[in-house]
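Trainee: At position 24 of the sequence shown the residue is numbered 81 (our numbering), and the sequence of numbers has no breaks.
In short, the hints are calculated from the structure, not lab data.
Hints are not guaranteed to be accurate.
Claimed, not checked - Straight-line C-alpha distance at most 30 Å; calculated DSSO-like pairs for lysine-lysine:
#1 Lys417 with Lys457
#2 Lys391 with Lys417
#3 Lys417 with Lys382
#4 Lys457 with Lys382
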Amino acid sequence: MDNALLSIGLSAVLIGFATLAFMVHRELGPFAGLNVAGRWLLTGLFGMGFVAFGIKMAVALAIERLPEQTIAPLLAMQAVAARGDEQFDTGFINPAPARQAHYVWEALPEAAPEPADNPGNAAKVALGQRLFNEKKLSGDGTLSCTSCHDLSGHAGADARPTALGIDQQTGPRNTPTVWNAAFMSRLFWDGRAATLEEQATGPILNPIEMGLPTSAEAERRLRQDANYRNDFARAFGDRQPITFERIAQAIAAYERTLITPDAPYDRFVRGDATALNPAQLRGMALFESLGCVLCHRGPSFSDAGLIGGESAFRIFPANATPYEKQYDLLLDGKRGTWRIASLRNVALTGPWLHNGSVDKLENVVRIMASAQLGRSGKLNTWLNDDRQLGKADRSPIGDKEVADLVAFLEALSSDRLVVAEGKEKK
Numbered sequence: 058m059d060n061a062l063l064s065i066g067l068s069a070v071l072i073g074f075a076t077l078a079f080m081v082h083r084e085l086g087p088f089a090g091l092n093v094a095g096r097w098l099l100t101g102l103f104g105m106g107f108v109a110f111g112i113k114m115a116v117a118l119a120i121e122r123l124p125e126q127t128i129a130p131l132l133a134m135q136a137v138a139a140r141g142d143e144q145f146d147t148g149f150i151n152p153a154p155a156r157q158a159h160y161v162w163e164a165l166p167e168a169a170p171e172p173a174d175n176p177g178n179a180a181k182v183a184l185g186q187r188l189f190n191e192k193k194l195s196g197d198g199t200l201s202c203t204s205c206h207d208l209s210g211h212a213g214a215d216a217r218p219t220a221l222g223i224d225q226q227t228g229p230r231n232t233p234t235v236w237n238a239a240f241m242s243r244l245f246w247d248g249r250a251a252t253l254e255e256q257a258t259g260p261i262l263n264p265i266e267m268g269l270p271t272s273a274e275a276e277r278r279l280r281q282d283a284n285y286r287n288d289f290a291r292a293f294g295d296r297q298p299i300t301f302e303r304i305a306q307a308i309a310a311y312e313r314t315l316i317t318p319d320a321p322y323d324r325f326v327r328g329d330a331t332a333l334n335p336a337q338l339r340g341m342a343l344f345e346s347l348g349c350v351l352c353h354r355g356p357s358f359s360d361a362g363l364i365g366g367e368s369a370f371r372i373f374p375a376n377a378t379p380y381e382k383q384y385d386l387l388l389d390g391k392r393g394t395w396r397i398a399s400l401r402n403v404a405l406t407g408p409w410l411h412n413g414s415v416d417k418l419e420n421v422v423r424i425m426a427s428a429q430l431g432r433s434g435k436l437n438t439w440l441n442d443d444r445q446l447g448k449a450d451r452s453p454i455g456d457k458e459v460a461d462l463v464a465f466l467e468a469l470s471s472d473r474l475v476v477a478e479g480k481e482k483k
C-alpha cells in the first residue's frame with residue numbers, strides 16, 4: 058500500500074513538472090521575451106512547489122512506516138506537555154491495565170478441578186477431613202487446621218487480625234479462607250505455593266503455626282494409630298502408605314470439596330433474575346465500570362484463579378494513598394507484591410487485608426479504590442490500549458457507591474456460610 062502511494066505521488070510530481078516546463082518554454086517564456094536560460098530559471102522557481110510537495114509526501118510515508126510503539130509515546134508526551142502539570146501529581150505515573158470490553162461474568166463451577174497425580178475418592182476425602190481436624194499434627198497436640206480455618210463460624214478463617222499459632226505465637230499475616238481455595242493457582246499471601254498439596258505441608262512444619270519439627274515426626278505419630286493405618290490403606294491402596302506427601306494429598310483432596318457455588322451472585326448469573334437486589338445490581342455494575350474486574354475477575358474473583366486467571370500478583374498499594382499510614386499498608390516502608398485474594402465470601406472473613414488492619418468492609422472498599430484504582434485525586438496515567446500518557450481526575454468514590462459495592466460483595470457470600478455465621482454469633 059505504501060509503495061503504491063509513493064509511486065502515485067512521484068508520478069504526479071513528474072507529470073506536474075513536465076507540464077510546467079512545457080507551459081514556460083512554449084507560452085510564458087516567449088511572451089516575456091526570455092532566452093533559454095531564463096526560461097529554465099523560471100521553470101525551476103515555479104517547480105519548487107512540486108519539490109516541496111514531494112518532500113512532504115516522503116516524510117509522511119516515513120513516519121507512517123515507523124513502529125507504533127516508537128512514535129506514539131513521543132506524540133503522547135507532546136500532548137501531555139501541552140496541557141501542563143498544574144494540580145497534578147507528577148511524581149508517580151500509574152500503570153493502568155488494558156481496558157476490557159464485554160466482560161463476561163461467571164458462576165463458580167459445582168466441582169473443583171483435580172490434578173492428575175492426586176485424583177480424589179471417597180476414602181481419600183474422608184481421610185483428609187480427619188487429618189484437617191487432627192491435633193496430632195501440631196507440636197504440642199493442641200492445634201489442627203481448623204484452629205485457624207473455622208469452616209462454619211468464620212467462613213474458613215479465624216476472625217483475628219493475624220493467625221494465632223503454637224505457644225500463643227502471633228503470625229504476621231491474616232488467615233485466608235480455605236473455602237474455594239481449590240480454585241486458586243497460588244496459595245498464601247505471597248503466592249509461594251502453587252497447589253493445595255504444597256500449601257498443606259507449610260503450616261504443619263511452620264514453627265509459629267502448628268510447629269511440628271519434621272515431616273518424619275508427622276509420619277511417626279500417625280503410624281502409631283491403627284485406624285490411620287487402615288484409612289491410608291483404603292485411600293491409597295498400599296500396605297505402608299503413611300508418608301508426609303500422602304498426608305498433604307489427603308488434606309488437599311478434602312479441601313477440593315470445600316466450595317461454595319450457592320451465593321446469590323451465582324444464582325443470578327445462572328439465570329435467577331431475582332437473586333440480586335437493586336443495590337447489589339448497582340454494585341455489580343460499579344465493580345465492572347470502576348475497573349475492579351481487572352484484578353478480581355473470573356468465577357473466583359481473583360486473577361490468581363485457576364479459571365480465567367492471567368496474572369496472580371499485584372503491587373499493593375499501587376498508588377500513593379492517604380490510607381498507607383492509617384492502616385500500615387507498606388512493608389518496611391515499601392510497597393509489597395501480593396497474590397490477588399479471592400473475593401468469594403469476603404464479607405464473612407474480616408478483619409481484612411494482609412495484616413488484618415481493617416475491620417469494616419466499607420473501609421476496605423475505600424482503600425482499594427484509592428490504592429489500586431487511583432480514586433484519590435488528579436494523576437498522570439498510562440493507557441496500555443492507546444500506549445499514551447494522559448491525565449485523570451479520579452475523585453474518591455462516594456458513600457453511595459461504597460454502599461452499593463459492599464452490597465455486591467455481600468452477594469458473593471454462600472447462603473449456608475451466612476446462616477452458619479449467624480448461628481455462631483448467637
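Trainee: With reference to the structure, classify each hint as holding or not holding.
Mentor: For each hint, the structure was consulted:
no., hint, in the structure
1, Lys417 with Lys457, "holds, 16 Å"
2, Lys391 with Lys417, "holds, 24 Å"
3, Lys417 with Lys382, "holds, 17 Å"
4, Lys457 with Lys382, "holds, 25 Å"
Checked against the numbered hints given earlier, the structure satisfies every one of them.
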